[in-house]
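*Asks:* Sequence:
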Amino acid sequence: MWKSTLPLHAKKPEYIVQEIWSRMTLYNFCEIIATNVVVKQKVGCKYIYQLNYTRAMRICCHFLSIKEEKAPPDVEYLIGHELLPVRSGRTDPRKVKPQSAISFLYRAA
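Using the numbering used here, you'd call the opening residue of the sequence shown number 1344 and step up by one each time.
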């Protein structure tokens, strides 16, 4: 499965550029699909809900990877069911660990 933290597979500069463009195109496709999904807020719920963009990306990647003989899934319907609550006013801040940069020195050999 495609992940943004994977290193680039190509070694030649023109193929690295091609990989970067393909990832940007995939991101733009997923973002367009996700923005067209309408999130219906239920009355009487404790939280306001938003889309789970991680799951939306995976659903879009699965949609693009299926073969022609299979029926394509309703992507917007599937993404519409992947919701996360927005919890405003949380006292415990998110603990993000910094990631080290991936070096390109192994390609110079």
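Keep in mind the hints are simulated off the structure, nothing from the lab.
These numbers were taken from a predicted model, which means no experiment stands behind them.
Using N, Cα and C, we set each Cβ at its ideal position, and we do this for glycine too.
Fair warning: there could be bad hints in the mix.
[Said to hold, decoys possible] Per label pair, the in silico range of CB-to-CB distance:
no., residue 1, residue 2, range
1, Cys1404, Ile1359, 16 to 24 Å
2, Pro1441, Gly1387, 35 to 43 Å
3, Ile1391, Leu1448, 45 to 53 Å
4, Pro1356, Gly1387, 50 to 58 Å
5, Ala1444, Lys1355, 15 to 23 Å
6, Pro1436, Tyr1396, 17 to 25 Å
7, Arg1398, Leu1351, 33 to 41 Å
8, Arg1433, Ile1363, 16 to 24 Å
[Said to hold, decoys possible] Below 30 Å or equal to it, Euclidean Cα-Cα: the simulated BS3-like pairs (lysine-lysine) are:
no., residue 1, residue 2
9, Lys1389, Lys1354
10, Lys1440, Lys1354
11, Lys1354, Lys1410
*Asks:* Between Lys1389 and Lys1354, does the CA-CA distance stay at or below 30 Å?
*Replies:* violated, 51 Å
*Asks:* Straight-line Cα separation of Lys1440 and Lys1354 no greater than 30 Å?
*Replies:* Distance ~29 Å between Lys1440 and Lys1354 Cα, so the pair holds.
*Asks:* Determine whether the Cβ-Cβ distance between Cys1404 and Ile1359 falls within the hinted range of 16 to 24 Å.
*Replies:* The hinted range 16 to 24 Å holds for Cys1404 and Ile1359, with Cβ atoms some 21 Å apart.
*Asks:* A range of 33 to 41 Å was offered for this pair. Does it hold for the Cβ distance of Arg1398 and Leu1351?
*Replies:* violated, 25 Å
*Asks:* Lying within 45 to 53 Å: is that true of the beta-carbon distance Ile1391 to Leu1448?
*Replies:* Holds: the Cβ-Cβ distance is about 46 Å, inside 45 to 53 Å.
*Asks:* Okay, Pro1356 versus Gly1387 on CB: inside 50 to 58 Å?
*Replies:* holds, 56 Å
*Asks:* How does the Cβ-Cβ distance of Pro1441 and Gly1387 compare with 35 to 43 Å: does it lie in that range?
*Replies:* holds, 41 Å
*Asks:* Determine whether the Cβ-Cβ distance between Arg1433 and Ile1363 falls within the hinted range of 16 to 24 Å.
*Replies:* Cβ of Arg1433 to Cβ of Ile1363: about 35 Å, so the range 16 to 24 Å is violated.
*Asks:* Given a hinted range of 17 to 25 Å, is it respected by the beta-carbon distance of Pro1436 and Tyr1396?
*Replies:* holds, 20 Å
*Asks:* Using the beta carbons of Ala1444 and Lys1355, state whether their distance is inside 15 to 23 Å or not.
*Replies:* Given a distance of about 21 Å, which is inside 15 to 23 Å, the answer is holds.
*Asks:* Taking 30 Å as the top limit, are the C-alpha atoms of Lys1354 and Lys1410 close enough?
*Replies:* holds, 29 Å
Figure legend: structure checked against the earlier numbered hints; hints not met, in rising order: 7, 8 and 9.
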